[in-house]
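Residue numbers (full-length UniProt numbering), protein chains in the order written: chain A, 1 to 459; chain B, 1 to 459.
A few of these clues could be false.
Each pair may be met inside one copy or between any two copies, as identical chains are not told apart.
Stated by the list, open to error - Straight-line distance between alpha carbons at most 20 Å, and here's what the computed EDC-like set of lysine to aspartate or glutamate pairs gives:
1. K196 to E416
2. K296 to D179
3. K453 to D320
4. K196 to E446
5. K296 to D320
6. K186 to D260
7. K453 to E384
8. K186 to D72
9. K196 to D178
10. K235 to D157
11. K196 to D72
12. K235 to D327
13. K186 to D349
14. K186 to E48
15. K296 to E268
16. K453 to D160
In case anyone wonders, no lab produced these hints; they're calculated from the structure. Please read all numbers here as calculations on a predicted model, not as lab measurements.
There are 2 protein chains.
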Amino acid sequence: MASNLIRFNAFQMNAAGHQSPGLWAHPRDRSHHYREAAHWVELAQLLERGLFDSVFLADVLGVYDVYRGSLDASLRHATQVPLNDPLALVPLMAQATTHLGFGVTCALTYEHPYPFARRMSTLDHLTGGRVGWNIVTGYLDSAARNLGLDRQLAHDDRYDLADEYMEVVYKLWEQSWDDDAVRLDKAGRVFTDPAKVHAIAHHGPHFQVPGIHLCEPSPQRTPVLYQAGTSSRGKAFAARHAECVFMSGPSQTVIARQVDSLRSALAEAGRPPGSLRIFTQALVITGESEAQAQDKLADYQRYIDIDASLTLLSGWTGVDFSRYPLDATIEYMDTEAGRSALASFSAADPSRRWTMREAAEFVGLGGRGPVLVGSPTQVADQLEDWIDRTGIDGFNLTYALSHETMEDVVRWVVPELQRRGRYRTAYTPGSLRHKLFAQGDRLPAEHAGRQVKLGTTTS
Amino acid sequence: MASNLIRFNAFQMNAAGHQSPGLWAHPRDRSHHYREAAHWVELAQLLERGLFDSVFLADVLGVYDVYRGSLDASLRHATQVPLNDPLALVPLMAQATTHLGFGVTCALTYEHPYPFARRMSTLDHLTGGRVGWNIVTGYLDSAARNLGLDRQLAHDDRYDLADEYMEVVYKLWEQSWDDDAVRLDKAGRVFTDPAKVHAIAHHGPHFQVPGIHLCEPSPQRTPVLYQAGTSSRGKAFAARHAECVFMSGPSQTVIARQVDSLRSALAEAGRPPGSLRIFTQALVITGESEAQAQDKLADYQRYIDIDASLTLLSGWTGVDFSRYPLDATIEYMDTEAGRSALASFSAADPSRRWTMREAAEFVGLGGRGPVLVGSPTQVADQLEDWIDRTGIDGFNLTYALSHETMEDVVRWVVPELQRRGRYRTAYTPGSLRHKLFAQGDRLPAEHAGRQVKLGTTTS
Numbered sequence: 001m002a003s004n005l006i007r008f009n010a011f012q013m014n015a016a017g018h019q020s021p022g023l024w025a026h027p028r029d030r031s032h033h034y035r036e037a038a039h040w041v042e043l044a045q046l047l048e049r050g051l052f053d054s055v056f057l058a059d060v061l062g063v064y065d066v067y068r069g070s071l072d073a074s075l076r077h078a079t080q081v082p083l084n085d086p087l088a089l090v091p092l093m094a095q096a097t098t099h100l101g102f103g104v105t106c107a108l109t110y111e112h113p114y115p116f117a118r119r120m121s122t123l124d125h126l127t128g129g130r131v132g133w134n135i136v137t138g139y140l141d142s143a144a145r146n147l148g149l150d151r152q153l154a155h156d157d158r159y160d161l162a163d164e165y166m167e168v169v170y171k172l173w174e175q176s177w178d179d180d181a182v183r184l185d186k187a188g189r190v191f192t193d194p195a196k197v198h199a200i201a202h203h204g205p206h207f208q209v210p211g212i213h214l215c216e217p218s219p220q221r222t223p224v225l226y227q228a229g230t231s232s233r234g235k236a237f238a239a240r241h242a243e244c245v246f247m248s249g250p251s252q253t254v255i256a257r258q259v260d261s262l263r264s265a266l267a268e269a270g271r272p273p274g275s276l277r278i279f280t281q282a283l284v285i286t287g288e289s290e291a292q293a294q295d296k297l298a299d300y301q302r303y304i305d306i307d308a309s310l311t312l313l314s315g316w317t318g319v320d321f322s323r324y325p326l327d328a329t330i331e332y333m334d335t336e337a338g339r340s341a342l343a344s345f346s347a348a349d350p351s352r353r354w355t356m357r358e359a360a361e362f363v364g365l366g367g368r369g370p371v372l373v374g375s376p377t378q379v380a381d382q383l384e385d386w387i388d389r390t391g392i393d394g395f396n397l398t399y400a401l402s403h404e405t406m407e408d409v410v411r412w413v414v415p416e417l418q419r420r421g422r423y424r425t426a427y428t429p430g431s432l433r434h435k436l437f438a439q440g441d442r443l444p445a446e447h448a449g450r451q452v453k454l455g456t457t458t459s
Numbered sequence: 001m002a003s004n005l006i007r008f009n010a011f012q013m014n015a016a017g018h019q020s021p022g023l024w025a026h027p028r029d030r031s032h033h034y035r036e037a038a039h040w041v042e043l044a045q046l047l048e049r050g051l052f053d054s055v056f057l058a059d060v061l062g063v064y065d066v067y068r069g070s071l072d073a074s075l076r077h078a079t080q081v082p083l084n085d086p087l088a089l090v091p092l093m094a095q096a097t098t099h100l101g102f103g104v105t106c107a108l109t110y111e112h113p114y115p116f117a118r119r120m121s122t123l124d125h126l127t128g129g130r131v132g133w134n135i136v137t138g139y140l141d142s143a144a145r146n147l148g149l150d151r152q153l154a155h156d157d158r159y160d161l162a163d164e165y166m167e168v169v170y171k172l173w174e175q176s177w178d179d180d181a182v183r184l185d186k187a188g189r190v191f192t193d194p195a196k197v198h199a200i201a202h203h204g205p206h207f208q209v210p211g212i213h214l215c216e217p218s219p220q221r222t223p224v225l226y227q228a229g230t231s232s233r234g235k236a237f238a239a240r241h242a243e244c245v246f247m248s249g250p251s252q253t254v255i256a257r258q259v260d261s262l263r264s265a266l267a268e269a270g271r272p273p274g275s276l277r278i279f280t281q282a283l284v285i286t287g288e289s290e291a292q293a294q295d296k297l298a299d300y301q302r303y304i305d306i307d308a309s310l311t312l313l314s315g316w317t318g319v320d321f322s323r324y325p326l327d328a329t330i331e332y333m334d335t336e337a338g339r340s341a342l343a344s345f346s347a348a349d350p351s352r353r354w355t356m357r358e359a360a361e362f363v364g365l366g367g368r369g370p371v372l373v374g375s376p377t378q379v380a381d382q383l384e385d386w387i388d389r390t391g392i393d394g395f396n397l398t399y400a401l402s403h404e405t406m407e408d409v410v411r412w413v414v415p416e417l418q419r420r421g422r423y424r425t426a427y428t429p430g431s432l433r434h435k436l437f438a439q440g441d442r443l444p445a446e447h448a449g450r451q452v453k454l455g456t457t458t459s
C-alpha cells in the first residue's frame, strides 16, 4: 500500500459513550448495547466492509473521580463507567471477520508479563495474526488504589518498569521458541523438539521469569505495538517500541509539531521512517449533502453535556474543574495543570480566549480531536488536508453516535476517498503487521524486540 | 430437570492432547488444531447438538518439569505444553452457540481480584449468563517461579488467600451495584443512579479494594462456581463456595466415598443438598456395536505413551517416577507421595498389584478416570450404574481423540440415554446457573457469596 493512502481505525471502548460524553442519551445512539455480542459483531463487519485497518479498543481500569472529588457525575453520565474488559471482544469480532485488525489497550502495571504474554499470543493465534497491543503504563490513581497501591507509580518510574516489562515479553514472544520448534511429527511421536525451546532466564529489578513461553509461535509473535504517550519520556518509549502511535489534538499545528518531534525521535533511535504509522483522533460528521451534515451536527450538539465533559477533562488532567466558574479563562486557573489544560484548547483557535465552557463543549463532541463536518467531498478534502499538512498516516475515528457515525463514514467517505485514489479498494492478505507495513508478519530485524538476548538483563 | 437425569460436560484444554497423553499422534486426532478458531467453533456446535451442560476448560500456568527434572518430555509429547489461554475461547464459542455453558479455569493466585472480577463480568454479559469459573489456587511450582515467587504458597495458605479473594469478588459482583442502579434514562439524561452504586471498601490482609466494581450487573452476577479440590481444606472450601465439583478417580468406590464426604461437608456448611452438582471424569469409547468399540479401544491403546503418562503423573504428584523401574510396585516407592500415587490405582482394581507401567497405561487413556467401552447400550448401562451407585450428577467427559470421541458420544450415547428418559431432550432456556439448578440466574440466598457485607472484612 502506497504511503499517501489514508488509513482508518475505529476508536471504541467496551462501554457506553466514550469520546462524546453525553451523546449516549441521543435517541439513535446504541452504545449502551456494548454488553451484547451482536453489537460488536455488527460493528466489526461494518468496519471490514469499510476496509478499516483495525478497531482500537481504549481502556482504563479505574473511574473518573477527580471532578467534584466524587464519581457521581461519572456514573450519572456514563463517562467510561460501567466499563467492560476489552480483550474479550477480540475473539468475538475476529470470528465475524477475515481482515480487520484489533488494537487492544492493556495497562502493563496491572498484570504480570508472564500470563499477559500468553493472553496476547493466544489472541494472535485465534485471529490469525490480527492483534495489536496498545501499551499503556496506567494513568488513573483510582485504578492503582483498587490494586492495593496507595497511588500509581511516578510517571518516569512507570516507564522504567515498562522498559523491563517489554524486555520480558519480547524474550517470551521472540526468543523462547525457534521457528521450527514445533515438529508435529506424528509418526516419530515428536510434537516439539525440546532443543529448540529456550528458557528466557530473565532476572531484573522488577521481574523474575526463568522459564519458557507457554505458547508456540503465533503468526506475528509480538503483536503490533501501539502507543499514545506524548510526554518526553513517553515519546522516547514510543520511538523505541511503537509501530503505531495515536495522537489527539485540536489543530493541524499541534499535531504536525508532535509528528515532527516523534519522527525525529524515531530517527535518533535508529529506526527507518517507514517503520511507524501515526494516527490522529478525529470525528467525521457527514451525509448526502453539506446541509444534511450540518443538520446532524446541530442535532448532536444538543446532547453535549458540560458536566460530563468536565468529568472527563478533570480525570485526564487531575484538575477539579468544578472549582471554577464556567466562564473562567486561563487567567482564572490557579494551578499549572489547569492553565496547561486550557492552553491546549487555545491551540485549536488562538484568535479567541477559551472559557472552560467552550473547552467542555469542544470535548463534548469527539473528545480532544477535530470535528470534520460536511458533504463527502468536503470531508474528504479536510482529511486529505490533514494528512498532507501534518505527516500523519491516518485517523483514529471516534463516534458521535454508535454505530451511525461509522455507518456514515463507510457509506459516504470511503467511496469518495477511493475515487480519489487515496483509500485502499481491497485488503492486502496477511497479518495486521503486514497490512500496515507490507514487510511480512514479524517485527523488523532492527526493532528493539528483535534485539533482546536470552539470559541478559538491561537495566 | 429432574435429578435422575445424567449431565455431560466436555473436559477440554486450550492445548493438544490433554487427558490422553500420546494420543495426539493418532492420525485421526485433531487436537493440534487448538490454535484455530474454527476448531473450537466446531466443538461448541457439536456439544450444543448433544445438549451438553458446558465445556469445561482446564488450565495450568506452568509446565510439567518434575519427570527427569526437566521439561524435555513434556515438550516432546505435548503434555499440556504448548498451552494457550482458555478465557479467549469463551466469547468465540459463545458466539457460535445459544445454550452451551462455559466453565473456565482461572488460578486466583495469579491475578488480582479487581481486574479478574471485570473479566468474568464481561464474559457473563457477552455470553448472556453462560459463564462458570473453576476456582483453582494453583499447584505447579513452575508457574509460581515465573511470576517472581520462589515457589507457590503452602497449600493451606493458598486457601486462606483464596477465602479473602472470594470475599473481594463477591463484594464486587453481588454488592457493588444494586439491581436497579442502571436507569438508562435517555430523556432524563441519567445512565446510572450514583446512589445505587457502592464502593466495596474492602480492607483485608491480602487485598485492599476500596472502590466500586467497574461493570454493571451481568445476568448471573457471580459466575457459576466450579471447584475440584479433594483435600480436607479443599473440601471445606468447596462446601462453602462451589456449585459444581469435578472429581476424578478410577473406581465407583473411590468416587462414592468422595461424594458422601462432600455432601456431608455441604450439609455442615448449611447448604441444601440440591445446591451442588458433582461430576466425575470419564472417557467413553463407543460405536455402532461392541465390536466396533473394542476395535477403537485397541487402536487407541497403540498410541498410549508411557513416557508422556509418567510426565503427567510426576507433575501431578511431585514424584519423579523416572527414578523407578517400570515394573516397580508400591513396595519399591521410597517416598510417601510415591506410595500414595500407586495406592490410588490399586483402588481401581485391588485384586492386582499395580506396577508403575500399569499405572502409566491407565493414565495414558483418559487420565485418572474410568474408560467406559462398548456399544451405545453397554455404555449407557455403565453410565447409569455410575450415577446410581456413586451419587454423582453427571460426567466430565474427556476425549481419546479430538473431536472423534465427542462426536461418538453425541451420535451414539445421547440418543440411547434419551430413549431411557435419562438425558434432556431440549435445553431449558436461561442462564447456565438456571440450567443447572432451575432456580433462576443468581446465587441462592443462603450462599456465602450473598452473605458478604460491604466494608466488613472477615479474617
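Hints, one by one, checked against the model:
no., hint, verdict
1, K196 to E416, "neither (51 Å within a copy, 48 Å between copies)"
2, K296 to D179, "neither (53 Å within a copy, 35 Å between copies)"
3, K453 to D320, "neither (46 Å within a copy, 32 Å between copies)"
4, K196 to E446, "neither (23 Å within a copy, 53 Å between copies)"
5, K296 to D320, "neither (32 Å within a copy, 71 Å between copies)"
6, K186 to D260, "neither (54 Å within a copy, 43 Å between copies)"
7, K453 to E384, "neither (43 Å within a copy, 57 Å between copies)"
8, K186 to D72, "between (60 Å within a copy, 17 Å between copies)"
9, K196 to D178, "within (5 Å within a copy, 54 Å between copies)"
10, K235 to D157, "within (15 Å within a copy, 44 Å between copies)"
11, K196 to D72, "between (55 Å within a copy, 10 Å between copies)"
12, K235 to D327, "neither (34 Å within a copy, 64 Å between copies)"
13, K186 to D349, "neither (68 Å within a copy, 33 Å between copies)"
14, K186 to E48, "neither (38 Å within a copy, 30 Å between copies)"
15, K296 to E268, "neither (45 Å within a copy, 64 Å between copies)"
16, K453 to D160, "within (19 Å within a copy, 39 Å between copies)"
Hint compliance for this structure: hints 1, 2, 3, 4, 5, 6, 7, 12, 13, 14 and 15 are broken, all remaining hints hold.
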